[in-house]
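Just so you know, the sequences run in chain order A and B. Oh and the first sequence: position 690 is 690 in the working numbering, straight run, nothing missing. Oh and the second sequence: position 277 is 277 in the working numbering, straight run, nothing missing.
Bear in mind the hints are in silico, worked out from the structure with no lab data behind them. Fair warning: this is a prediction, and the values are worked out from it, not measured in the lab.
Keeping only pairs whose Cα atoms sit at most 25 Å apart, straight-line, the calculated DSS-like set for lysine-lysine is:
1. B:Lys-73 with A:Lys-107
2. A:Lys-152 with A:Lys-162
3. A:Lys-106 with A:Lys-152
4. A:Lys-220 with B:Lys-101
Which bits of chain A does chain B cover? Going by a derived footprint, with three or more residues having C-beta under 8 Å, they are:
5. 76-83
6. 222-234
7. 276-290
With beta-carbon atoms standing in for the labels, derived distance ranges:
8. A:Leu-617 with B:Asp-345: 56 to 64 Å
9. B:Thr-52 with A:Gly-301: 54 to 62 Å
10. B:Asn-304 with A:Leu-313: 54 to 62 Å
Here a beta-carbon is modelled for each residue, glycine too, at the ideal position from N, C-alpha and C.
Letter by letter, the chains look like this.
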Amino acid sequence: MLVFHQSYYVFPYRLLRGYIYSLQFSTANVLFKMGSLFRSEEMCLSQLYLQSEAAFTCVSELGELGLVQFRDLNPDVNAFQRKFVNEVRRCDEMERKLRFLEKEVKKDDLHIDDNGENPTAPLPREMIDLENKFEKLENELRSVNSNQEALKKNFLELTELKHILRKTQQFFEQAALYQQDHQQVEVPQYDDEAPLITSEFSQGSFNKFGFVPGVLLREKVAAFERVIWRACRGNVFLRYTEIEAELEDPHTGDKVYKCVFIVFFQGDQLKNRIKKICEGFRATLYPCPETPQERREIAIGVMTRIEDLQTVLNQTADHRRIVLSQVALNIRVWMIKARKLKAIYHTLNLFNVNIAEKCLIAECWCPVVEIDRIQFALRKGTELSGSSVPSIMQRMSTKEAPPTYNRTDKFTSGFQAIIDAFGVANYREVNPAPFTIITFPFLFAVMFGDIGHGILMFLFALFLVRKERAFMQHKLDNEIFEMMFDGRYLILLMGIFSMYTGFLYNECFSRSINIFGSAWNVNAMNYSEQTLATNEYLTLDPNVTGVFRGYPLSYPTSTGLPYFYGIDPIWQSAENKISVQNSYKMKNAVLMGFGQMVFGLVLAMYNHRNFDDKIALYCEWLPQVLFLFALIGYLCVAILYKWSAWTVRQAGTAPSLLIGLIDMYMFTDPESNGRSALYAGQYTVQKILVVVTVICIPWMLFSKPYILYKRSQQKKGYTLVVDAEDNDDTQMTSLMEAGQSDEDDVAILHHEESGHAHDVKESEKFDMSEVLIYQVIHTIEYCLSCISHTASYLRLWALSLAHSELSEVLWSMVMSIGLGTSGPAGAIMTFLLFWFFSGLTVGILLVMEGLSAFLHAIRLHWVEFQSKFYKGEGYLFTPFSFSLIVEGKVDE
Amino acid sequence: MGDIYDMFFNMDSGYLEGLVRGFKNGILNKEDYRHLTQCDTLEDLKLHLQGTGYGHFLANEPSPLTVSVIDEKLREKLVVEFEYLRNHAYKDLATFLDFIKYSYMIDNIILLITGTLHQRQLSELLPKCHPLGIFDQMETVTIANTTADLYNAILVDSPLAPFFKECISEEDLNEMNIEIIRNTLYKAYLEAFYDWCQRTGGPTADVMCEILAFEADRRSIIITINSFGTELSKEDRAKLYPRRGKLFPDGLIELSKADEYESVKRVSELYAEYRPLFDGTGNNPGDKTLEDKFFEHEVTLNVNSFMQQFQYGVFYSYVKLKEQECRNIIWIAECIAQRHRAKIDSYIPIM
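Using the sequences plus the hints, can you model the full thing?
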């Protein structure tokens, strides 16, 4: 075993460089998709005037397009009082019939044809044809079914009768046999089989008995026997035996198991009673003649009737199949048509009806860039209907916040889903999704760095991506699998990044790979034979010339570079591997955290500038940036400086960063306390930084409320004038000025008509205490979060440590035992242990550890990153789209 | 048991309690009823119910709808929910849910006996039985002529056997007897249920005893009022009173002496809970009947039972509230179907 001094700073630089690249890449990504993902689409509220005859076709076209979200203009009207409620009801009825047909098709295990055809919505006049067609099919099928049921019932009865005759024959034969036996042997034998009738036989009074044979469900037999015994006070004899063949219930088509029973009794009163009980237990009773000859005759008759019935049944089934196969061919298309019809009428119900002008008025949200396509669809719809009057689309101004619409594709949708799960972005707010595409897998990989595990994850995701089309066609039933499938690109990137960080950590299933040769040289230590023999631990001192020979291997000079890429593999066998890596990973975590938080603040600036919020920019954002830089930024600079300026030789005297930080806030001069300073003038710089930090707090706290207060005071003066409603000219001019000075604020609201904006401004009541409390909360939250969030990023280190330790343990406790054993036993053991090892690797390291790293990465994005700029109080754009409705993704 | 009871409640019944509280949120509110009463046809009713927790429960029914179809489907929905709860219930909760079922079993038996007495066919009677109260031997009760028969042959195996002990006699079954059997059975059932809840203790006892005590008192009062002008003697009547309510013992003694409506009212008004129920009732138009007042009070008690956690009362209350809701919907549906809108508003709102 070897022990090293702290080595060079290669590894963290590489990791950081990767992080910076990743940020660069994600900004490139943003530029590439600037129009679509960086901010949500620009939306506008439009009013549509549709001629009543063209409305149906226009809505149908818009549904195919799927780019408008209609607003309900009659929220106060009941569902059943709307205009097109009868049509909706007719569609419901059609759907019901189709569901019935589908159920019947599935019952017969016929394949439902799915050729991916997407029919357009039928015109209203075609609806009647469809209805008639479905009606006819339903009636036909129902009559076939009822016929079949009647036949089956008949069949069941005959089969039961057949069984009764067969089984009772056995009972009677046994009895007859017993009678013979009994006549030969004088001594009465008490046989378990038929103890009750024995005595009767001996007197030859068998014929006095009446009997009732029947068929009963097997599970009811026990209760039946008990009730019959009690109700008849034990004066009956019941025999039963199971029918081995399963019978079919004619009504439900389920398989049922039944029993044949026969009850012997004496007297008519008992007979009535028994019959009633049988009725109570839903037993079916059959007439059964008393003499064997008659029974045989009936049995033969039954057999021929069963055969006849079987042929008729087969014919009915064939007929049913023919009808159903026709249905199976078309049912999918019909279903889509019915759904589209219903969706259209449902949408038309949202519209305002203008009876005088014979038109329908609709309001809808739509993306500004798509207005042309929407108008084209409207024109097409009008043409289709043959109406001469065009449909009109008109933009409206509104105070309402528009919906948020981010265009996603199969790659980005998974990432957008992570963001939307936290909260849908406000309208036109910076959308974190494009950055998440890279930062999320990266932060995940920092916690999950292992080449082997990364490859496995990558291959799994690659499989999902390659088989994407096949999986999409079959509806996935498994919810958990579906979730993974939706995130397949996320997993793919996570796998790739895990391989990258795995190379940096130089870990593959916890083993190191020595590709370039270690930069350390044990020979240079010149250990004596005796030292090597007696010491368990040896120390490699990089200060000794030649021990750290650098790369390319330039012994005896020690001026070369450290290991070419990632961590030197020699650390794998070092005793102090963990403590060295901890220090690296911890500092890295702080650096990366700071980087992401600063990036969040940059995005906040984009938000403030986009909404033209100058107050927020100068009274909140600027002090926030200063605060973060003075507090955490300085720490980061110190980390980087210490890595680059302090060498191995000075390792013993290097100042502690932690103590330095404490000194900074205690206003202690490190040099006066006998500690070495990180750099000259450290004390002065630190004092300035602390002062800046402290100043930022009241800046954040008071400046914004103060400005708002001043403005409201100004406004109050003006509103008083308005209230007075004087005709005084001088006062009117001042009113005009007020309107002008408000111009800046008006812009925020994105209104064409400034009149509305003024209404908004004036309706806002200014409440000083509320503003102040809000500001206090946010200032405290921000100041505390700067520290707590930085600390929170340390989970990057903690999870990465946990992961590498866990895989180390798994290797040394399982795999190395097998590999360490020699001989054939070793081979077998290795073979067996390998399966154990791979099972645990997948189960614990990939799935469980992967999930935990995933959750922590989500948390870092939602809380630490997004809290810097993201409000997430918007609502999603849910367009009226046939493709969503047909797939059943939208529930009405 | 107290606090310990609370601590382990969720282990066995937490899931089901959560479920039933979720179900309870689906109960129609005032707004829903307002919409329902505005419906012109049963199709409208169906359309509106689609927008509530009932969802598409009528979607597969061919039009035209009838009230009986709605009734059947409403009941089916409740039964499905209840059976789900029962199948997942564990230990005490299972017993508790069985107790809820027993009351339906009693109703079913009485229904069948009365039906047979009036020469009705079994096939005609069976659909009228409540599906929650069906048990194996139920359909054979028609063979019995005397109560002793009924017990010895059939009910001795059923879960109702313990309640039956008091009403075994060799008399033939007739209308009067059946009423007495029903009330005796109910009395035994309520007392057993009450005692069971008392033994279970904890919040279950707090909530359930309150509800069951009201149920017992309601029965006592109704029995007394209905007995006027019949041949039921006062001593026999006194035997039918469930002895677990708030009226027990003094109130019941007073009740047993009553021979007119006014004296019942006088007795009941001595109790603070029941005084408001008798105020403003009468047969004048606009007045609510006593029965409705009782229902309203029951609904209040059942809604209140959701205020307490870690107890089984919510299951009982849910079933009762849902039943009331079914009655309401059926009432409204009947009013719509028969075009008799004047009384459409006399349903009993729950939330």
